[in-house]
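Undergrad: Keeping their order, the protein sequence lines are chains A and B. Note that the working numbering has the first sequence beginning at 390, numbered continuously upward. Note that the working numbering has the second sequence beginning at 390, numbered continuously upward.
Zero decoy hints are in this set.
Each pair may be met inside one copy or between any two copies, as identical chains are not told apart.
Under the rule of at most 25 Å between Cα atoms (straight-line distance), these lysine-lysine pairs were calculated in the DSS-like manner: (1) Lys793 to Lys391; (2) Lys548 to Lys793; (3) Lys616 to Lys793; (4) Lys565 to Lys793; (5) Lys626 to Lys474; (6) Lys616 to Lys792; (7) Lys391 to Lys738; (8) Lys790 to Lys555.
These are calculated hints, taken from the structure and not from any lab test.
There are 2 protein chains.
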Amino acid sequence: MKVLMLILDGVSDRSVNGTTPLKEARTPNLDELAKRGINGIMDTIKPGIRPGSDTALLSLLGYNPFEYYRGRGPIEAAGAGIRLKPGDVAFRVNFGTVKGEGSVFDKIVVDRRAGRISDKKVLVDAVNAEVEIDVEFELADASGHRAAVVFRGENLSDKVTDSDPKKIGENVKKVKPLSKEAEFTAKVVNDFIEKSHRVLDGHPFNIEREKKGLLKANVLLLRGAGKTVKIPSFEEKYGMKLAVVAGTTLIKGIGRLLGGDVIEDKRLTGSKDTDLNLKIKMGLEALKTHDFVLIHIKATDEYGHDGDFEGKKSFIEKIDKAIEPLLSLDFSEICLVVAADHTTPVTVKDHTADPVPITIVFDQVRTDDVMEFNEFTVYKGGLCRIKGEDVMNIVLDLIDKTKKFGA
Amino acid sequence: MKVLMLILDGVSDRSVNGTTPLKEARTPNLDELAKRGINGIMDTIKPGIRPGSDTALLSLLGYNPFEYYRGRGPIEAAGAGIRLKPGDVAFRVNFGTVKGEGSVFDKIVVDRRAGRISDKKVLVDAVNAEVEIDVEFELADASGHRAAVVFRGENLSDKVTDSDPKKIGENVKKVKPLSKEAEFTAKVVNDFIEKSHRVLDGHPFNIEREKKGLLKANVLLLRGAGKTVKIPSFEEKYGMKLAVVAGTTLIKGIGRLLGGDVIEDKRLTGSKDTDLNLKIKMGLEALKTHDFVLIHIKATDEYGHDGDFEGKKSFIEKIDKAIEPLLSLDFSEICLVVAADHTTPVTVKDHTADPVPITIVFDQVRTDDVMEFNEFTVYKGGLCRIKGEDVMNIVLDLIDKTKKFGA
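Throw the hints in and build the complete structure from the sequences for me.
TA: Here you go:
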């Protein structure tokens, strides 16, 4: 028996005059799943704790985020394709633009995205080839102006500040140690920032950009330091082969951190223009070769961040159409979980801790009276209110992949 | 004020085409209790964790099974009447039959139940009288071919394997240490198995059986090693005198482990042929002399293991008739809890983690809209979804036997 988990990022809302985009949207397919399944509301971490998409997803996959989450750095680095080892210290990186004289730390950040550069692979390669510091490092290219860097060696710490000033017109910040043990790390990272700046600033690719009137991508802005912890792979933990179908680097990163196969396609953009039909198709395809498939849809969250009620509603209707093939699954063999990772109310424009809808469809579940999949109905269902950390256990029990405790 | 807890072992199910034996059964009395009480569903251990009857019952009685459960051995030994001390290593035992030459470990198990022998007390006494090994031990008779043995002394460990090969046609297995510290225990236990075999094989009772064409009960097959931990008695913990009315050795064992009085009668068989009316009558009788009475009914679980929907349904209807006297209890003085310990779906034929129905009847509880006691109704009740570990606290609060935390 296999599991398909469909995560609709931030799909749920708080009440806007008694309704929500999910309630307003016409969603015959989601409603049909709610009718066939068992429903509830869920605190993906715990009541009142606002989840990130990363911490929520770790929790939903049965990995306690308080134990395994060490900041965005390692996840982004894994998402960018770096094979992390325990002890590695990873950062998220922006390619940015600095102007001025002297050390990189005396220069001013004039753009945090280097004019939204994206074809920067040659610069990544140059830094990896030409920079030498006191420890091993690896810079990895990611989408747009983004990258990730990992430092590897003895005595490295993630208790250091960001170099990214977060706004333009300010100096690149020196990375500062937050503890005595982190002094060496801060020194090494600052050395990396200085030396990579020199390589980038003089690189023919950037000279060429300058001639064309484009901004030079001549600084690496680091943030989100995180030290990689030992994390059991999904397959070790559950004896099931994991596939993650996602367009978002963060979600791919979690898939890779857990040793899963990440199913990618450039048409899966992790944004509003993603190809939803393709995503569902690829997810169903992956179910043939994997035991557990996670399909992640991101844009519902983006509409929440934008505060766009109508846009969110329309996109939910698009999702509803795209998931029609899920109704034909063989629910004697496949357990389907549909849920959000957190609430992203259009009224708040950020994640909140309001619990999220969850529906589990499987032949033997105790169906309840819930007829619609939304925030005002699912809590009346047979799951009542559960936690994210319980989902994997509940699902493993349903598909008979769990052991009895006792006799 | 007193408490009566009625546990219907494995009474709940997963959905079978939208229904269950409990839903299909005509249960006017259980339904009346649900109407008068407050209802909910319950994870006896935690969501998604499949309970044994033993771990579930410990949890329901407020004993964290992760702390106090150490395998079946100690519970079966307590059930067989041995007064355990912390540090004792206990095993479940089958009287079996071996044939062959030389050491017991070179012989072949031809029957794991010695022809379902039951009148074996004389053999138990002989082993206790004649076998000498390097530590103290006690063999105790139990029902049918079953027994239990306890080893007592310094430096004993439960990190040893079983001697029971679990199938016929194989050798008796040498008990193996699973850690360096367990080497002494393995040696002692193997010595016990060898020496008890010699006593049994030559015993006049077995010689007589052989003459009659019966199988000799000439080997003790050990399994389920568990080291007894210090466990506070029910009376120490709650200041209430416990009585357990049960036919199943496992449940009696838990009652004895917790220092309770076990109310027995050979008509309470712990099986499908048990005298349900007598069981309820003895439970009500025990309420006169005890503060907390647990009545345990086993056969619902057996019908689940058998996959027998109709049998389970009929037996539930029998239970419903038998519990009619409970409706006349004085609920201003007695708090009644009716629940399952775990789900045993006829579709799975084993325990699952699906949450179980629970009803609490007491004059002051907030009654809810639940009109029927089954898996499709109770979750809508006022208890919502609770955990087994919360039940004792809820009940102690209701009967006013708890203290305020704070001012």
